[in-house]
Amino acid sequence: MSLATRSDTTKRPAATGGGPAPVGPWRHRLYRLDLKASPFLYIAPFFALFAAFGLFPLAFTAWVSMHDWSLLSDEHAFVGAENYTALLTDPYFWNALGNTVSILALSTVPQLLAALLLAHLLTMRLRGRTFFRMGMLLPNVASVVAVAVIFSQLFGRDFGLINWVLESLGAGRIDWQAGRASSHAAIAVMVAWKWTGYNALIYLAAMQAVPRDVYEAAHLDGASRLQQLLRITVPMIRPTIVFTVIVSTIYGLQIFAEPQLFGGAGPNGVTGGASRQFQTLTLYLYEHAFNRGFEFGYASAVAWTMFAVIVLVALLNYLFIRRIRSDS
Amino acid sequence: MRSKPFRAALAAGTAAVLALTGAACSSDADDGTVTLTVGLFGDFGFGPLYEEYMEAHPDIKIEERISEFADHHTNLTTHLATGSGAADIEAVEVGYISQYTASPDRFHNLLDLGADELEGQWLDWKWQQALSSDGEALIGLGTDVGGMAMCYRRDLFEAAGLPVERDEVSALWADSWADYVAVGHQYMDATDGSYFFESSGNMFRAQVEQAEQGVYDRENNIVVESNPAVGDAWDLTVEAIEAGMSNRLEAWTPEWNAGFSEGTFATIICPAWMTSYIETNAPDAAGLWDVAAVPGGAGNMGGSHLVLPAQGEHPEEAYELIEWLTAPEQQLKVFEQTGNFPSTPELYDDPALTGLTKPYFNDAPVGGIFTAAAEAVEPQYQGPLQGDVLATLGQGLGRIEDGSQSPDEAWSQVLSDLESF
Numbered sequence: 001m002s003l004a005t006r007s008d009t010t011k012r013p014a015a016t017g018g019g020p021a022p023v024g025p026w027r028h029r030l031y032r033l034d035l036k037a038s039p040f041l042y043i044a045p046f047f048a049l050f051a052a053f054g055l056f057p058l059a060f061t062a063w064v065s066m067h068d069w070s071l072l073s074d075e076h077a078f079v080g081a082e083n084y085t086a087l088l089t090d091p092y093f094w095n096a097l098g099n100t101v102s103i104l105a106l107s108t109v110p111q112l113l114a115a116l117l118l119a120h121l122l123t124m125r126l127r128g129r130t131f132f133r134m135g136m137l138l139p140n141v142a143s144v145v146a147v148a149v150i151f152s153q154l155f156g157r158d159f160g161l162i163n164w165v166l167e168s169l170g171a172g173r174i175d176w177q178a179g180r181a182s183s184h185a186a187i188a189v190m191v192a193w194k195w196t197g198y199n200a201l202i203y204l205a206a207m208q209a210v211p212r213d214v215y216e217a218a219h220l221d222g223a224s225r226l227q228q229l230l231r232i233t234v235p236m237i238r239p240t241i242v243f244t245v246i247v248s249t250i251y252g253l254q255i256f257a258e259p260q261l262f263g264g265a266g267p268n269g270v271t272g273g274a275s276r277q278f279q280t281l282t283l284y285l286y287e288h289a290f291n292r293g294f295e296f297g298y299a300s301a302v303a304w305t306m307f308a309v310i311v312l313v314a315l316l317n318y319l320f321i322r323r324i325r326s327d328s
Numbered sequence: 001m002r003s004k005p006f007r008a009a010l011a012a013g014t015a016a017v018l019a020l021t022g023a024a025c026s027s028d029a030d031d032g033t034v035t036l037t038v039g040l041f042g043d044f045g046f047g048p049l050y051e052e053y054m055e056a057h058p059d060i061k062i063e064e065r066i067s068e069f070a071d072h073h074t075n076l077t078t079h080l081a082t083g084s085g086a087a088d089i090e091a092v093e094v095g096y097i098s099q100y101t102a103s104p105d106r107f108h109n110l111l112d113l114g115a116d117e118l119e120g121q122w123l124d125w126k127w128q129q130a131l132s133s134d135g136e137a138l139i140g141l142g143t144d145v146g147g148m149a150m151c152y153r154r155d156l157f158e159a160a161g162l163p164v165e166r167d168e169v170s171a172l173w174a175d176s177w178a179d180y181v182a183v184g185h186q187y188m189d190a191t192d193g194s195y196f197f198e199s200s201g202n203m204f205r206a207q208v209e210q211a212e213q214g215v216y217d218r219e220n221n222i223v224v225e226s227n228p229a230v231g232d233a234w235d236l237t238v239e240a241i242e243a244g245m246s247n248r249l250e251a252w253t254p255e256w257n258a259g260f261s262e263g264t265f266a267t268i269i270c271p272a273w274m275t276s277y278i279e280t281n282a283p284d285a286a287g288l289w290d291v292a293a294v295p296g297g298a299g300n301m302g303g304s305h306l307v308l309p310a311q312g313e314h315p316e317e318a319y320e321l322i323e324w325l326t327a328p329e330q331q332l333k334v335f336e337q338t339g340n341f342p343s344t345p346e347l348y349d350d351p352a353l354t355g356l357t358k359p360y361f362n363d364a365p366v367g368g369i370f371t372a373a374a375e376a377v378e379p380q381y382q383g384p385l386q387g388d389v390l391a392t393l394g395q396g397l398g399r400i401e402d403g404s405q406s407p408d409e410a411w412s413q414v415l416s417d418l419e420s421f
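Respectively, the protein sequence lines represent chains A and B. Residue numbers 1 to 328, in this note's numbering, belong to the letters of the first sequence in order. Residue numbers 1 to 421, in this note's numbering, belong to the letters of the second sequence in order.
Among the hints, erroneous ones may be present.
As the list claims (entries may be wrong) - Okay, the calculated beta carbon distance ranges per label pair:
hint, chain 1, residue 1, chain 2, residue 2, range
1, B, Arg65, A, Arg212, 54 to 62 Å
2, A, Ala181, B, Arg65, 34 to 42 Å
3, A, Ile43, B, Gln337, 55 to 63 Å
4, A, Ala181, B, Gln337, 21 to 29 Å
5, B, Glu64, A, Val144, 26 to 34 Å
6, B, Glu63, A, Tyr42, 53 to 61 Å
7, B, Gly83, A, Arg323, 50 to 58 Å
No lab work stands behind these hints, which were simulated from the structure alone. It should be emphasised that the depicted structure is a prediction, and the values quoted were computed from it without experimental measurement. Glycine included, every Cβ here is placed at the ideal spot set by N, Cα and C.
Okay, chain A solo, but in the shape it has when bound (with noise of 0.2 Å):
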């Protein structure tokens, strides 16, 4: 638009023939409110989308949470904290938090030491290296349904295939499902195998981008691989390193269909088995969203309220990160 409405006013001047252009003090008004307001209107549909389905629905959803608010009645009364009381004081979410950290701490810090293994490997000179590097994403193409489906049934109990391995190693079954530990471990190596090749690759962009002669220095200087990994390329690409963390932990904290399907069609599938040992806080959102009497207020509470744990779990993450450069 301003380009057309520029090109109008300077090819104008032209067309009457000559001398200066006769610009009227509307004219020059709208020319200046053009320059200051159409930049504005270019980046608008964006933020008119995220007002839309960003910003309103986070709104919303704090509007919601301090009602008793049911899908199912007509009436929603204004009850101001106590779904967050309510919340706060219900072992069950207590429950789901600590489960969500567990399984977090599982799937995360393996995957990512994995991740920066797998990447410093990658920039060796191998054969067939593009097709690694391409392989590393596969993973994460497929989609998580999937992914929990196929892995739920290897972790089965009677018929599953690590089950059958461990039992011909002498070692016994495991339950998967039944014990907190266990269901948390194989819930984690969900998580793990989907999203580890993708950090790797975010880590191998990163890697390349550290010049080379820093590790021709330390290769004349007798620096072995490992040191030259922990304590070059490490601190070299640290942004990167605390990205993957920050987005690992925000995914993480999130994770839902993993130990959805891992229960089950049944109960378990919400509540995170029996004792809801793998219950986590978008498991107990669900539950009390989507199940018995529907109470959207009290789950837009969990909402927000996993918000805060988010941006502070985020946050101790960065602080934490953060560290590394003096560290080495």
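Go by the hints and put chain B onto chain A.
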């Protein structure tokens, strides 16, 4: 300004896109045909019936949408609450029907559409289940009922030295569930590495469904703690769990499916709809399964209604279709195809129904067995959160099974969980 026509074109384009998407949402074609959507959980065996109906009614098109059992009811509730998204015709399982009869204004009242003349067609309790509490509105017409029987593995019974013929097996536990558990003890003593039943939750649920009063009283209070029938069922189930009879298989999981063909458990409670499930899931086990009577007399487990959400725009056409689908002739066809047992007593002396045998179940006379079961059912009052209350109890038993809690701990957690309902 030259930008004006551009802006106008943009506006026109946007309007056109909106109009197009709007048109795409509308279900009716210009040629006057009406498209009816039918939302089901699982296959109801309606496929051939749709064909037949569409042939007789060229102006009707039928589209079926099938989803998972739990998702289906969650989605239906969401669609009802938000006023859009529901199919013209939706199936509702009996565990959820009372939740919906509590808000009859979200459905077309079938009594106004012609159902008032059909009352005698269904089992009385099946009819009652879909009535609103004031009796003014009927939200659904019954499809099948889940009269209970007991499916058992002949080969496993033989290996355990128990009788194999279905009449003798029925006689083993003819009196009570306590006899069934006693047979379970014998079975466990005589065998190694297999289980007597697939999951304790089902056995518990069957006992509760048979009782005069279930988990709710008629004032919609949850009476799990005070109803002795529930407590007795719990104690007997705990006894069976502690004797190691349960294979601890959660329904609808891959392990559960595999159990049918691998023969890891010897008995499973079989409402009529379960027989077709076993047949499709364990085709290799033909002849190994048989059907006997369920302990404790009759009882109902499962069964569905077809309802018309009020947001549907074609109530007359939709009603005509469900009236036809749930009519005795069509219910009989569904039974012959899938095993879902009719809810219309008119058929119960029809030899086509009572004489039906299933080769897969060793030629068991399933028609006769399920007719007897359905006729003997004493209707039990179902409360609004029936399904959820039973699920909470089932999870309590699950915690005993996996060893994470003692029976007392599990029971008290069940009671405290129920307090938040």
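Consistency of the hints with the structure:
1. B:Arg65 - A:Arg212: 54 to 62 Å: 59 Å, holds
2. A:Ala181 - B:Arg65: 34 to 42 Å: Since alanine 181 of chain A and arginine 65 of chain B have Cβ atoms about 40 Å apart, the given range 34 to 42 Å holds.
3. A:Ile43 - B:Gln337: 55 to 63 Å: For isoleucine 43 of chain A and glutamine 337 of chain B the Cβ distance comes to about 60 Å; the hint holds.
4. A:Ala181 - B:Gln337: 21 to 29 Å: About 47 Å separates the Cβ atoms of alanine 181 of chain A and glutamine 337 of chain B, which means 21 to 29 Å is violated.
5. B:Glu64 - A:Val144: 26 to 34 Å: 27 Å, holds
6. B:Glu63 - A:Tyr42: 53 to 61 Å: 43 Å, violated
7. B:Gly83 - A:Arg323: 50 to 58 Å: Cβ of glycine 83 of chain B to Cβ of arginine 323 of chain A: about 53 Å, so the range 50 to 58 Å holds.
The structure is inconsistent with the numbered hints 4, 6, although it conforms to all the rest.
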